[in-house]
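Chemist: Based on the provided sequences and hints, a complete structural model is requested.
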Amino acid sequence: MIVTDGPGYRIVVDEDQLDLIRFEKALDEARRRATVDGEVAALESALALYRGRVLPDSRSPALTSAAAALEDRYLGARERLLELRLEQGRAHDAVSELMPLVAEHPLRESLSALLMVALYRVGRQADALRVYHDLRNLLAEQLGIDPSSAVNYRYQQILRSEPALDTPPAARPDRPAGPPAAAPPPRSLPHDLPDFTGREAELDQLLAHVPPPPGPPPEVHGTGPGPDARGDGGQDGPRTGRQAVRIITVDGMAGSGKTALAVHAAHRVADRYPDGQIFLDLHGFSPHCEPVEPHDALGTLLRALGVPADALPEDPADRASLWRGMTADRRLLLLFDNVIASDQVRPLIPAGPGCLVLVTSRPRLAGLDGAVPLPLPLPSTAEGLALLGQVIGHRRVAAEQEAAAELVALCGRLPLALRITASRLTNRPHWSLAYLAGRLRDERRRLDELTVEHRSVRTSLHLSYATVPPRHQELFRLLGAHPGADFDGYGAAALAGLTPHAAETLLEGLLDARLLVQHTPGRYSFHSLVRALAREAAEQQPQPTRDARHRLLGYYLDAADRAAGLLRPRGERPRPQAPGPGAHRPDAHRPDAAHPAGAAPDAAPAAAPPLRDAADALAWFDAERTGLLAALAHAEDAGYDHHAARLPLALAPYLHARGHMEDELGVLRKAVAAARRVGDPALEAAALTGMASPYGHLGRVREGLECAREALALAERAGDRSRTAFCLGRIGMFHNALGQYEHAIAALHRALVLLSRADAHDEECAVLASLGEAQAALGRHAEALQTSRLVVLHSRQNGDAYGELTGLLGEATAYAGAGRLDAALDRLAEASALARRTTTPDGQAPVLVQYADVYRRQGRHREALRAGHAALQLLRRIRRPALAAAVHNVIGTVHRDRGEYERGEGHHEKARRLAQQAGLRRELALALDGIAHARAHGDDPHGAKEHEPRRDPAARTRPLTAVAPAPPPCPSRVP
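Those letters in the sequence shown? Residues 0 to 974, by numbering that gives the first Met the number 0.
Quick caveat, the hints were computed from the structure, so don't treat them as lab data. Virtual Cβ for every residue (Gly too), placed ideally from N, Cα, C. Careful: at least some of the hints might be erroneous.
DEER-style ranges, computed between Cβ atoms [claimed, not checked]: (1) ARG186 / VAL371: 17 to 27 Å; (2) PRO162 / THR425: 49 to 59 Å; (3) ARG865 / GLY898: 15 to 25 Å; (4) HIS453 / ASP133: 49 to 59 Å; (5) GLY898 / LEU792: 41 to 51 Å; (6) GLU401 / ASN426: 20 to 30 Å; (7) VAL371 / ARG454: 24 to 34 Å; (8) HIS868 / PRO428: 54 to 64 Å; (9) ARG454 / ASP636: 33 to 43 Å.
Modeler: Structure below.
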């Protein structure tokens with residue numbers, strides 16, 4: 000019947016008149032049937048109503064959607080009927096129906112699975128396997144996915160010809176027709192450490208990358224299809240193309256606590272992964288175990304998900320495919336521990352976007368695409384103390400705080416070492432922390448001490464060494480012979496006899512293997528416990544180690560001399576030649592006695608770093624200072640006396656430039672001793688002459704004068720005119736400091752005569768500067784001005800900024816002494832600008848001292864005090880007693896001029912103490928005079944009489960060159 004309904008028409012029919020209603024009723028009837036035959040009859044009745052696709056040409060979206068839903072219900076009913084036919088044992092009938100149906104719907108995996116079973120049961124096993132491979136290739140090509148776990152399971156059953164497929168399941172009620180019932184979710188995480196402590200920042204960083212737990216499905220309003228309401232596709236929803244498995248890698252050196260952190264984090268989020276949490280040790284760095292192959296690891300993982308061992312595919316690709324299929328719709332937490340490389344873990348990554356993968360490894364897994372790296376640093380000292388306290392008790396740690404801190408340091412803050420240490424203390428309750436610290440102080444025994452039961456720091460570290468290639472191992476052993484704390488590619492190349500590029504490539508490999516650490520780009524060092532391992536390895540190969548150290552000494556000597564030449568260019572200073580045969584001092588009691596220096600392999604000099612100017616040279620020295628000093632100590636201990644004599648001569652200009660006068664003096668003393676041991680007067684004279692400069696800066700005038708005279712005697716006996724001139728120049732400098740100006744001028748004139756025949760412009764400038772100081776002190780200001788102008792002229796011609804600065808200060812002194820204070824200020828302005836461009840820390844200090852004195856003479860007291868105190872601030876970083884005494888005298892005089900006698904006396908008293916300690920007659924006289932004047936105008940006129948100095952020419956005039964920069968270190972010229 001057709002009736003009018005609103006603006007349209009509606010057909011009214013009975014239920015039996017519409018085949019769609021009859022189809023639905025028949026399907027309901029089939030579901031209610033209790034027997035296989037009854038369900039088959041009902042389904043056949045329902046499917047008989049189907050006469051082809053519904054509305055195939057419809058253009059209405061609503062009608063097309065409804066027709067597609069009806070078509071899917073029809074296919075589902077037909078698929079169920081074919082399953083029942085197989086249960087009835089009618090496999091041939093099922094094959095004949097399934098083959099065209101699979102061809103019509105090739106992506107419907109359940110139809111292919113039924114066809115595989117049907118073909119197998121009619122004896123066509125090869126055809127059944129071909130159906131699977133056709134389906135897998137089609138899914139990969141068109142959708143980029145693998146077959147489902149159910150299809151993979153059927154494939155494995157057919158591969159293994161399982162008996163369950165031979166007879167219909169209806170005849171075997173104990174065997175299910177489909178895949179086996181799901182096994183209980185795996186729960187194989189190791190226990191969380193009850194004393195886990197610290198690592199808050201790293202744990203927060205790791206957990207921040209873990210997806211949040213899935214929330215309830217959103218409420219969707221409306222009836223039509225629409226975009227995912229969650230915005231992110233739903234963490235636990237179907238694959239949308241916008242999700243991916245989350246991978247987090249935790250990497251760090253052996254024993255750094257990677258596994259403990261990962262396990263702790265896994266327990267924190269385990270409840271977010273209800274389908275299981277699996278821990279798998281891949282034994283990348285395990286003693287007595289080879290790394291687990293991905294094929295074997297996949298077998299372990301599949302068994303954990305319930306796949307029987309006899310059903311595991313042998314083909315690696317099939318096994319990986321089955322793993323991806325079985326994890327596609329699961330929420331799993333996987334912790335892969337002790338991974339050696341990206342290739343080992345890459346095949347184990349699941350397909351499910353709801354999975355979390357935690358990976359621990361020593362090397363950084365840079366080849367694992369999509370992974371979030373979390374490098375694990377060593378814990379802080381506070382965290383190390385907390386870990387120690389958690390194990391042995393916080394009271395015990397609190398009772399020996401210093402010893403506990405030392406234990407943490409001796410363990411290198413390495414968690415494994417700390418746990419072993421704590422275990423030993425727990426097992427030995429009568430041991431104090433200080434006692435165990437004493438046992439660990441000896442680096443040669445330290446690794447022996449860090450062992451308990453099967454846990455050993457040495458074993459753990461050695462596993463990292465054992466996994467790197469042989470060339471890396473060889474360099475690692477040789478690096479153990481390096482005496483310094485760190486090194487660059489050039490130093491490593493010298494040790495190993497390689498090019499810097501080849502050495503740096505190997506260093507980067509050792510860095511990736513966590514056998515080296517890097518705090519500054521281009522420089523490498525050992526963790527303290529790894530260094531102990533490397534030194535053990537070096538000691539086990541004595542001859543290669545001796546050869547490597549000899550090459551390193553030669554490299555350091557050559558590179559340091561080149562760098563020193565940039566700090567103080569000297570045309571007259573030839574580069575010291577590398578010591579040859581006989582350079583080693585035989586000594587039966589020394590470890591290297593069996594190896595004469597000349598026996599080391601002859602090789603081309605090691606490549607030196609490219610240094611362009613003084614700034615580069617200073618930067619190189621700054622980086623290599625500890626290594627150079629350690630190399631010098633080794634040269635002394637091993638008997639390489641020529642190296643021990645020459646290396647200090649190259650180090651001295653750097654130490655001087657940085658204001659390390661005591662260190663400069665110390666290394667030059669070693670040079671003198673080494674030169675005397677080898678009987679080389681030229682080297683001895685060079686070292687003695689060099690000692691004069693730091694003695695002068697330190698105010699130890701008489702000791703410096705004695706050194707200079709000793710060097711002069713050696714130079715004159717050898718007939719070395721240049722060295723004689725250098726020594727005379729230093730003698731003149733010390734006579735100036737002692738106020739013996741006539742003696743100074745006599746020595747300086749002799750030096751100038753000798754230097755006129757040598758190409759030694761910088762030494763000539765130094766001598767002229769000292770001559771100008773003496774002339775100014777004697778009131779011969781016009782001569783002093785001319786002499787200082789010569790210093791400036793020669794220095795500018797030769798690009799010597801240090802000499803120019805000295806000359807400008809000399810001119811300022813002469814102008815001030817002559818009363819031309821404005822001209823003095825002009826020269827000081829030039830000197831100040833130049834000092835800011837120099838690389839020496841003490842360049843600005845003498846300028847400020849002279850500014851203070853000129854301002855005082857002008858009555859500009861505030862400016863004088865500001866300049867004087869700025870000079871004192873600089874002098875706190877460098878030890879210059881003569882300069883400090885001079886500035887205290889100037890400040891004291893300013894305070895006296897302002898009527899501040901007590902303050903003035905205080906500064907003069909400081910100058911007096913400095914001058915007395917250093918033997919500075921001139922500054923001592925000025926200080927005593929200042930104290931006397933302060934007390935005469937203050938409250939102690941009788942004390943003033945006590946401090947009134949005796950008449951001395953040194954007290955009559957105050958030459959400002961007394962605060963000029965001391966001459967630079969003497970050139971290390973040796974024949």
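Chemist: Would you mind marking each hint as holding or not holding in the structure?
Modeler: Checked hints:
| no. | hint | verdict |
| --- | --- | --- |
| 1 | ARG186 / VAL371: 17 to 27 Å | holds, 25 Å |
| 2 | PRO162 / THR425: 49 to 59 Å | holds, 57 Å |
| 3 | ARG865 / GLY898: 15 to 25 Å | holds, 19 Å |
| 4 | HIS453 / ASP133: 49 to 59 Å | holds, 53 Å |
| 5 | GLY898 / LEU792: 41 to 51 Å | holds, 44 Å |
| 6 | GLU401 / ASN426: 20 to 30 Å | holds, 23 Å |
| 7 | VAL371 / ARG454: 24 to 34 Å | holds, 30 Å |
| 8 | HIS868 / PRO428: 54 to 64 Å | holds, 58 Å |
| 9 | ARG454 / ASP636: 33 to 43 Å | holds, 35 Å |
When held up to the earlier numbered hints, the structure conflicts with none and fits them all.
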